[in-house]
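J.: Just so you know, the protein sequences line up as chains A and B, in that order. If you're matching positions, the first sequence starts at 1 in UniProt numbering and goes up one per residue. If you're matching positions, the second sequence starts at 1 in UniProt numbering and goes up one per residue.
Keep in mind that the hints are not guaranteed to be accurate.
[Claimed, not checked] In the BS3-like style, the derived pairs of lysine-lysine whose C-alpha atoms are separated by at most 30 Å in a straight line are:
#1 A:560 with A:546
#2 A:99 with A:151
#3 B:96 with A:691
#4 A:529 with A:354
#5 A:680 with B:96
If you're looking for bench data, these hints aren't it; they were derived computationally from the structure.
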Amino acid sequence: MLVAVLLPFIIAIFIPFLSKWKDKVHTGFFVTIVPVLVFIYFVRFLGTGFEPVIHEYSWIPSLDINMVFHLDGLSLLFVLLISGIGSLVAFYSIFYLHKSEQLGHFYVYFLIFMGSMLGVVLSDNVFALYSFWEFTSLSSFLLIGFWNYKKESRYGALKSMLITVFGGLSLLGALIFMSILTNTTSIQGMIDQQQLILNSEFFPLILILLLLGAFTKSAQFPFHIWLPDAMEAPTPVSAYLHSATMVKAGIYLVARYSPMLSANEWFFIIVSLAGIVTLCWGSYMAVRQIDLKGILAFSTISQLGMIMAMLGFGTKVAIFGAVFHILNHATFKGSLFMIAGIVDHEAGTRDIRKLGGLMTFMPMTATLAIIASFSMAGLPLPFLNGFYSKEMFFESSLHLEAASTGFAGFLQASIPYLAVFGSIFTFVYSMYFFFGTFRGKSHLEELPKKPHEAPIGMLISPIILVAGVIIIGLFPSLINEPFIAHAAESVKGAVLEEKHIYFWHGFIPPFIMSITVVVFGSILALSRKVWAPVYRFVPGVLSMNKVYDGTVDRMERYSKNITKGYMNGSLGRYVRLILAAIIVISFAFMAITGGFTIDTSNVAEITTPEILVAIMMVIAAVGTAITNNRIAAILILGVVGYGLSMLFVLYRAPDLALTQLIVETVTVALFLLVFYHLPKLRKKEEPVSTKILNLVISVGFGVLMTMVAISSHSSKFFDSISEYFVDNSYKLGGGDNIVNVILVDFRGLDTLFEIVVLGIAAMAIFGLIRLRKNKEEE
Amino acid sequence: MEIIMAVLAGILFTTGVYNLLQKQLLRIIIGTGLISHGAHLFILTMGELKTGAPPVLTEGIENYTDPLPQALILTSIVISFGVTSLLLVLAYRAAKVNGTDNMEQLRGNDYE
Chain A
1 MLVAVLLPFI IAIFIPFLSK WKDKVHTGFF VTIVPVLVFI YFVRFLGTGF EPVIHEYSWI
61 PSLDINMVFH LDGLSLLFVL LISGIGSLVA FYSIFYLHKS EQLGHFYVYF LIFMGSMLGV
121 VLSDNVFALY SFWEFTSLSS FLLIGFWNYK KESRYGALKS MLITVFGGLS LLGALIFMSI
181 LTNTTSIQGM IDQQQLILNS EFFPLILILL LLGAFTKSAQ FPFHIWLPDA MEAPTPVSAY
241 LHSATMVKAG IYLVARYSPM LSANEWFFII VSLAGIVTLC WGSYMAVRQI DLKGILAFST
301 ISQLGMIMAM LGFGTKVAIF GAVFHILNHA TFKGSLFMIA GIVDHEAGTR DIRKLGGLMT
361 FMPMTATLAI IASFSMAGLP LPFLNGFYSK EMFFESSLHL EAASTGFAGF LQASIPYLAV
421 FGSIFTFVYS MYFFFGTFRG KSHLEELPKK PHEAPIGMLI SPIILVAGVI IIGLFPSLIN
481 EPFIAHAAES VKGAVLEEKH IYFWHGFIPP FIMSITVVVF GSILALSRKV WAPVYRFVPG
541 VLSMNKVYDG TVDRMERYSK NITKGYMNGS LGRYVRLILA AIIVISFAFM AITGGFTIDT
601 SNVAEITTPE ILVAIMMVIA AVGTAITNNR IAAILILGVV GYGLSMLFVL YRAPDLALTQ
661 LIVETVTVAL FLLVFYHLPK LRKKEEPVST KILNLVISVG FGVLMTMVAI SSHSSKFFDS
721 ISEYFVDNSY KLGGGDNIVN VILVDFRGLD TLFEIVVLGI AAMAIFGLIR LRKNKEEE
Chain B
1 MEIIMAVLAG ILFTTGVYNL LQKQLLRIII GTGLISHGAH LFILTMGELK TGAPPVLTEG
61 IENYTDPLPQ ALILTSIVIS FGVTSLLLVL AYRAAKVNGT DNMEQLRGND YE
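Bound conformation, chain B alone (with noise of 0.2 Å):
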């Protein structure tokens, strides 16, 4: 299973880059959400999947799923939550002034 969960991680990459390398801000900032979601899932498979009960101690159970990674992953997915909202704003913002949304069109001209 993990390695399908790699290649699922490596897919989201991909298509996430490739969103990314596109014009549009729109589609740019959905590659960032879509990177950050494989990145995510890349750090939980570090681990081992399912080889036990949740990291909620319990009488009885001895056996725990690896809380390090998933503490390493609720740090990032808040992160990446005020990386996006940053960036919409941004790029709302950019658009509403510069009339265009097209990253060919934004970048700066002095020294050309």
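This is chain A alone, in the form it adopts within the complex (with noise of 0.2 Å):
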């Protein structure tokens, strides 16, 4: 199973070598053939008899991150759809992208996602489970952005990073109070001890941030803005990630761990509230949009938010509906989003104020269109899949087990009739789509392109998943036992009884409640034009993509000026604030822990020569600062060296001593050469503050690093290394001169490395002259 899952990684290290040849092969052939692979592997795990299956494989065993991959009935029907779709969708990318764009980059995130997806579903330890996560926000980002010439893409991008990786970093916060409270990071272990999370005084905390990162992810209502910017990605992405895929990763979090939450009353308000409210709001805003892509994209909000209530219902119905619910709306969305790119790409536009009438010129597109759209409306036919699973939404919101108290009962009350006020809308836009493309007037003028059907490459993904949608609908049963049930199964904890789909149930209320969507909707879809202006008026100022604009631009327009104000480019600024900071903390620090000691018990003791050369060297090294002749201060720095030789005879440090009288001699001899190219030094002209300043940071420091210093003689916290070379210098280094043996033998490495130094220092200081002398011999 590792395997399957590194797969999608390991060609993608591969695609920028074949995307070499993409004038002859296009890319996406030897893309297509990894998710089929991974999908044939799957598939075997399909059946009535199946069990979970646990693979384990460490990966940093010490923190208790592994990679464990747990196959339970839900993770299959996941795994199923991430390769399924994605064999569609990398098929259908072939037609839909030119060879002229940057293939390489756009599969290498492709796979980077399917690889990541799949990491999502399957793992079973929460923390490769979240770096999965992650991964599928980043790859995201890049696809939103692959056409990065384009503002809006870039908008789109960074929208949908910012709101999902924010959710992704609550949900961390969540997994780590959990993997604390129950201490195991595997997902089934924490659900086994849901007692410890449930009665915990984290658990509201808990909830809310791991409702943040499912509801960012799956675009609930209010987090729901970024998934119509993202809109902007090319259309197989949108198909793949934005609809079928990972926007579903929230739904499979909640579902994941509502064996345990939904225990909770708060569970069940905060979800089927936040999914009811998101099924309303992205089919009303659906109808008003004009963009086909964007029709379908707040539908794909309204969707996710009727299976988010259904898992926020809880009830075995729901639950069951709610599985169904992801594979069906996979199946006729993900036709739907190809329809709409087949239209844009032969017609040339996805305005739908400019399409229409294309039926007689795209005849297969039209079929393909008015069946996948017709079952995401919900009309009862007996073949269409769409029909079953909002039945069932149906059915299960007017059987709620919660607690009819309080605002609980309230919600519980008035579910159902918030249920079909959203699905009228959805029938509406689903006709909006359809007859607003296909049916009605063709402006031709208005097309930038000749409309015509598409080649039959584009048609075929579309027509595979219609077909699933015409099967699913014709033979329910034929998934049910072995893959639906398995699904509803692991969500809901307990083995369900036997469930069937029916088609015809008799005249019982959810079946009314359908016919009613059908009346209304068919007279609010005739009468759009009616309509129109109340659409146009409505949610204009209740825009949650205001305070998300606003927030950003605050937050740039914030830290540019925080930037501007200490990156003004002045290095020496920057190294007094440097300087001013290790102050302030090493004083701060040291006045906490009570780091200054001193120790005067074991002090050599003081002789004339050593006074008389200290005196002499502050008085260099104060002249160095201010003269304001350059030889002078060359010379005297010259002098400090010198000083601090004597000082290294004295305290018997000969080869100390020697090595310094060396470099002192040629560092002043370089400093003459060099000086008489550098202007003389000036006056210092600066005002008497930064004259100030500068002095206070410079005996700040010095203060410091003599408090530093005496305390560090004062205080042995351990015994020194040094004996150890005293006693081994001539056994194992075979040398009397322990400072030497030490440098070439025991830390020879060491030495070799700073030869390296020098040597890169000697040729860049050749450079620099050499560039000079070419300059000027041209």
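Since each chain comes alone in its own frame, lean on the hints to assemble the complex.
T.: Structure representation (structure tokens):
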């Protein structure tokens, strides 16, 4: 299973090489093979006798972070969706993306996404899940911004990134809380110990953080705003990430944790409310859109809301309906996105006001569209899968198990009405999508291209998906027991009683609700023109987009101002700031920990020569700062250096003294060589305040270093390792001069690198001087 | 004596930093030189001064001064020599090309 998850990543590495031949073979052909292989691998698990499989691979065992792949019914559903839709989308993209595009980039992102999405739904380890989760956000960002020359693409990519990563971080918070409480990093382990989490005082926080992660990813109200802007991505991406798979990661997460969380009443309230509001809002907003993909984006939002709501209901029928709808939605919405892509490709626009009457030009596409959009509308026909899950939605909205007091009770009572309300608009936008594009008057003169039927390769993928719609519609029991029932079972925790999917239940309330939807929906759809002003007017002000834009704008402005405040390009200022920070932090730390110690018991006696040398050095050091004569400054610096070598002599360090003497001489000579070319030292014409500031900083730093030196001399926390060198210098190194043995033997590599550094410096110096010569010769 | 040496190191740091904060390249290089002198003295003070013979093995002597700081300082002296010479040539080039050695005038002005 590890290979199956990693395969996309591995192939992604080779894509740049494969895309070199993109003129001969479209890179998409290589890519399509990957999801097909993954699909074949996982489809073997299907069957009535399916049992969960666990594969474990260690990754960072010391932190209890491992690759644990847990394949149960729910994961299997998602894995098959990811690989199945992935194959179709990859195939479709071969015809959608022209060879002149940056195919290499596109398919690398695509494969990274696929691999990480597989990781999300298979990982049982929460931290592995989180890593894969963020990888999906990242690849989604890259794919939305694929046409990065367009401003809208960049805007949409950034928006989706900011919102989903914000959610991802809250999810991480929730996961850390839960893993600390239960002392395990396994999801199943957490669910087994759910009492620990449910009874913890942090439970409300955990619930909110977890749901924030799920809601931002699955575009639930009010975090849905990134999804419409994500439609700037190439259509295959929209079909794959932003309708069939990635946006369902949030759904997956809620479903995965619902055996545990649904025990709490607030889970029902928050999730159902968010879901049902998203359903209504999304479907209402979809009717206002003029862009085909815009309609589909809001429709996706509303459908996700519907699934989320069903997960919130938590009854058996609801869970069954939810997992069933995950599958159905992927089939009809995936094909609708591909159809929108075909229309865009062949007619040159997605603006529904310019489209119309395309049925005569694109009969095949229109046929597919009619089936898919009617399925989305939930029209009660026995060959449309959308109807079945919608019916379950209605049924479950009527039979809620939750408490009927307080707010929960009120919510429970109002849910069926909201469900019908949202579904009416779902019906309206489905009709709008189909009739607006394919029927009515055609405005050929307004289209950038003369529309014609798409090439057969582009049609294959939507045909397969629509065939899925019909097959599931006609023979729902075909996928029921071997597939959906297992998925529902792993969500609901307990074994479901055998659930049959029927088309005809009789004149029971859910069917009446469906009929209501169809009747009112048809009326609204037919009289769309009358209502158009209302659609345009109502939500104008209530836009979360404004909140988002305002926040991002302000954050950008503030951070720019702050950065401008200290990054003004003056290096002196940077050094001052850094030093000031060091001084303040170190002194504060010293004061808090009482780190300063002074111990005079073990000091050497004070002798006159040392004092004299020291006084000389002090005078010279101060002199460098005061003098305005170049030669004087350089020579005085030399005095300090020679003084230091004298001190080395006094302190029994002959090697140091020699080296220092030589180096100092060469340095002074170098200074004297160069100084001639540098301008004269000027009087320091800076304001007094700067002078005082410099003085304060330098004195502060000097005092700090003095205190550190005294403290480090006065305190011994452990024995010095010097004894080792004294003892072994001759035995191991074969030399009498201990310092030399340390340098060339014990720490030989250090010295080697030191030589390398000097070599690099020498080359740089040589280069800098040559540069001048060459220029002068020109 | 260690205390006095620590104070001396501190004074070297002070003057070094003060020079470093000036605007002229030559002064900045002098500043780095002073700071590295200060650092060498600082490392030396951390060990114990004058508690034995020079660290060269000799018959009959058991007590040597701490060789470890000396080895570290030796490395550091050589490296700071490399740094100083590179800085000098860099300053020379910068002053030649730009006609100034004032750091305030050498700053980039892309974002102003």
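J.: Evaluate each hint against the coordinates.
T.: Hint check results:
1. A distance of roughly 21 Å separates the Cα atoms of residue 560 of chain A and residue 546 of chain A; the hinted pair therefore holds under the 30 Å criterion.
2. Taken as a hint, the residue 99 of chain A and residue 151 of chain A pair is honoured in the structure, with Cα atoms around 23 Å apart against an allowance of 30 Å.
3. At roughly 28 Å between alpha-carbon atoms, residue 96 of chain B and residue 691 of chain A fall within 30 Å of each other, so this suggested pair holds.
4. Taking the CA atoms of residue 529 of chain A and residue 354 of chain A, the gap is near 15 Å; set against the 30 Å cutoff, the hint holds.
5. Between residue 680 of chain A and residue 96 of chain B the alpha-carbon distance is near 13 Å, which keeps this suggested pair within the 30 Å criterion.
In the structure shown, no violation is registered for any of the earlier numbered hints.
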